[in-house]
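*Asks:* Those protein sequence lines, which keep their order, are chains Z and D. Numbers in our numbering are just positions in the first sequence, counted from 1, shifted up by 259. Numbers in our numbering are just positions in the second sequence, counted from 1, shifted up by 2.
A hint or two may mislead.
Claimed, not checked - Mimicking DSSO-like on lysine-lysine, the simulated pairs with C-alpha atoms at most 30 Å apart in a straight line are: (1) 279(Z) with 137(D); (2) 105(D) with 426(Z); (3) 137(D) with 505(Z); (4) 105(D) with 424(Z).
To be verified - Pulled from the structure, derived: some chain D residues nowhere near chain Z, Cβ distances all over 10 Å: (5) 12; (6) 19; (7) 26; (8) 29; (9) 38; (10) 39; (11) 113; (12) 123; (13) 139; (14) 153; (15) 155; (16) 160.
Unchecked claim - Derived, one-sided and incomplete: chain Z residues facing chain D with beta-carbon distance under 7 Å: (17) 266; (18) 273; (19) 494; (20) 537; (21) 542; (22) 605.
Treat the hints as calculated values from the structure; they're not laboratory data. Note that beta-carbon positions come from the ideal geometry of N, C-alpha and C, so glycine has one too.
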Amino acid sequence: MYRYDEFDHAFVSARVEQFKDQVERRLAGELTEEQFRPLRLMNGVYLQLHAYMLRVAIPYGTLSGRQMHKLAHIARRYDRGYGHFTTRQNIQYNWPALSDMPAVLDELASVEMHALQTSGNCIRNVTADHFAGAAADEVADPRPYAEILRQWSSMHPEFSYLPRKFKIAVTGADRDRAAIQVHDIGLHLKKNEAGELGFAVYIGGGQGRTPMVAKKIRDFLPIEDLLTYTTAIVRVYNLHGRRDNKYKARIKILVHETGTEEITRQVEAEWQAIKDTDLKMPQQDVDAIDNYFRMPNLPQRPEGWSQLAISRKADPSFARWVDQNVTPHKNPDYGVVTISLKPIGGIPGDATDAQMDLVADIAEKFSNDEIRVSHEQNLVLPHVAIADLRIVYDLLLTDGLATANAGLITDIIACPGLDYCALANARSIPVAQRISERFGQPERQADIGELKIKISGCINACGHHHVGHIGILGVEKKGEELYQISLGGSGDEICTIGDITGRGFSSEEIVDAVETIVDRYLQVRTDKEENFLATYRRLGAAPFKDALYNETANAA
Amino acid sequence: MSDISESVAGELWGREGFREDPYIAAETLEETGDAPAVILPLAAWLGLDESIRNNTNRKIGVSVAPGESIDPLLPLLDTIPLIALQFPAFNDGRSYSKADILKNQHQFKGELRAVGDVLIDQVAYMLRTGFDTMKVTHAVTLTRLAEHNLHDAPGYYQPGRGSHTVPGAYSWRRVPGA
């Protein structure tokens with residue numbers, strides 16, 4: 260993991276001191292809310308429906324046990340005993356008092372964390388594959404590059420007042436778990452034919468009210484050019500991105516309106532002018548950052564395999580959890596464990612202070628002191644010995660953290676929705692809870708197989724509904740909450756935006772509608788191996804629309 | 003407005019502090035009489051006869067709005083004493099990129115000025131992207147500038163003007179100082 264040096268410590272402390280001064284001036288009435296607004300946003304403090312909300316950055320979703328303990332402590336001391344992990348690999352606290360914010364930022368700084376650039380029209384927290392540095396299918400760890408980008412984008416003098424927010428995601432595997440093609444910049448770390456590392460560069464992806472799949476503008480960018488090329492992209496966007504309409508201000512609109520070929524030409528021309536400047540990275544600097552992310556020295560634990568076989572046979576619930584929530588690790592004696600924050604009927608992404616402490620304890624003891632936050636709102640223990648799976652499972656079970664549903668229909672992404680968010684038109688969380696309860700029975704979920712449901716409470720699409728295999732969008736119509744369904748979306752390497760099925764469904768109807776879709780899928784799939792998305796791609800929307808809207812005709 | 007901000011309103015700020023602004027802004031050259039230093043809008047400036055632009059007895063600077071391109075100025079930079087980049091709203095950041103292009107990419111030697119709605123937190127950013135001077139309207143900014151309270155950071159994660167490298171540090175990092 261990256262560790263702060265003196266430079267980083269001084270930087271973050273200075274920002275906290277500055278914000279303390281600003282909060283004091285606000286509380287003393289020297290600053291109006293309007294004057295305070297841009298200052299608090301720079302520090303991740305939003306004003307929500309009921310209270311101020313603090314969004315804490317978890318760079319590329321990587322945490323130590325100590326950091327997770329601190330997040331638990333903040334939840335307990337300054338909030339109501341819980342926090343909400345988001346689709347941006349961050350954590351949000353919904354109830355802290357403004358007067359406590361400087362103290363919270365102090366606490367965060369003491370464990371090398373902050374809330375900078377989790378808001379505002381700047382380059383936001385850089386995200387990465389949550390299995391980075393552990394997954395068996397990885398070409399190289401994307402986090403060193405995410406860390407370099409984090410540093411370079413921190414309080415960037417040229418890029419702090421962009422037309423709109425700007426999100427960068429990095430993946431280091433062909434299987435894209437970081438949804439890079441729905442980001443402003445998506446970087447795919449890969450090797451060329453000579454075996455050298457570099458990036459395929461995508462720009463202009465995004466969700467919101469105008470969802471777009473990113474365009475590839477470069478197939479292979481050498482590592483040393485990462486910062487100069489990124490500068491060129493963001494500079495072209497800063498100069499030419501639309502500022503007349505907030506809803507057309509993201510780079511995806513610029514790319515769309517300018518055309519991929521022309522925008523590529525502009526980026527390349529800008530890059531030619533700066534490619535040999537101070538931002539060209541010497542290999543020794545890349546190596547130094549890379550060094551922080553070395554694979555830990557994991558002892559051989561071959562005894563795990565026979566133990567696992569015995570434990571599986573003795574306990575079908577444990578076996579189901581291993582099948583669903585453990586992913587292959589680079590080291591065959593180890594596994595990557597997904598801790599589901601989607602208990603049946605629970606609130607997606609929420610964790611209590613006690614749960615956070617438990618996860619931190621387990622990570623310290625059984626996962627080389629490492630935890631990840633996934634954009635699917637789960638937690639990950641990246642380095643667990645197969646031999647320790649049973650004890651880790653038993654520990655997780657003690658506080659409701661062993662739900663065996665990673666990637667299944669109840670592993671639902673949902674934004675905070677109208678229960679918290681000032682922008683929302685409809686509630687998301689209760690819909691997620693009811694769907695989860697409807698499909699919660701383990702055998703039924705397992706039979707349905709991989710199926711990603713994603714729910715947003717408004718068109719801003721924080722719940723990523725556009726890339727849900729089944730996406731649900733809450734809208735408000737004549738004072739009622741109405742839910743639109745889209746099908747066939749996907750945020751992975753074959754990225755697609757879902758197709759809207761037709762008229763929306765009321766809050767009462769929406770769960771039945773999802774069940775109708777699922778039942779039809781079970782009827783039409785070739786076999787259990789053909790998951791929902793593959794079936795949809797083979798058959799299109801017709802059978803599902805038919806099931807949703809022609810039910811009486813079918814019954815007759 | 004506070005007493006301090008009133009006392010420096012209308013003055014020009016640079017790293018050395020506030021001073022009187024030698025330039026006057028006008029829409030056309032005709033309305034400036036024989037004023038020795040003038041700032042004209044981009045279109046008016048480009049419309050001037052080359053001999054007038056190159057006249058060394060008068061300084062004729064050019065003002066550029068956020069939506070205007072600086073490209074027509076690039077071949078003429080040697081003859082321009084001042085470029086004023088406008089900030090009609092604090093959140094329009096286009097001029098930061100223009101500043102960097104002018105000062106770093108094209109080594110513009112004249113005065114680069116930020117004019118308009120500048121927040122105190124932006125001043126350090128502006129200096130680093132290459133601005134030399136500021137003509138600011140925001141009262142809080144004027145007060146803080148008069149108090150020499152720049153809201154600067156102890157270190158930077160990017161190269162920029164007014165900073166230098168530290169031996170052994172990552173190539174992208176800088177600390178304040180010439």
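*Asks:* Next, verify each hint and record whether it holds.
*Replies:* Evaluated hints:
1. 279(Z) with 137(D): The hint holds at about 28 Å.
2. 105(D) with 426(Z): holds, 28 Å
3. 137(D) with 505(Z): holds, 28 Å
4. 105(D) with 424(Z): Roughly 26 Å between the alpha carbons, so the hint for residue 105(D) and residue 424(Z) holds.
5. 12: For residue 12(D), whose nearest Cβ neighbour in chain Z is about 22 Å away, the distance exceeds 10 Å, so it holds.
6. 19: holds, 21 Å
7. 26: It holds; residue 26(D) is separated from chain Z by about 29 Å at its closest Cβ, greater than 10 Å.
8. 29: holds, 25 Å
9. 38: holds, 33 Å
10. 39: Nearest chain Z Cβ is 28 Å from residue 39(D), so the label holds.
11. 113: holds, 19 Å
12. 123: It is violated; residue 123(D) is separated from chain Z by about 7 Å at its closest Cβ, not greater than 10 Å.
13. 139: The assertion about residue 139(D) holds, with a minimum of 14 Å to chain Z.
14. 153: violated, 6 Å
15. 155: Check fails; 6 Å does not lie beyond 10 Å.
16. 160: Incorrect as stated: the minimum Cβ-Cβ distance to chain Z is 6 Å, not above 10 Å.
17. 266: holds, 5 Å
18. 273: holds, 5 Å
19. 494: Holds: closest Cβ of chain D sits about 5 Å from residue 494(Z), inside 7 Å.
20. 537: holds, 4 Å
21. 542: violated, 10 Å
22. 605: Hint on residue 605(Z): violated, closest Cβ of chain D at ~39 Å, above 7 Å.
The structure fails hints 12, 14, 15, 16, 21, 22 (numbered hints given earlier, in ascending order).
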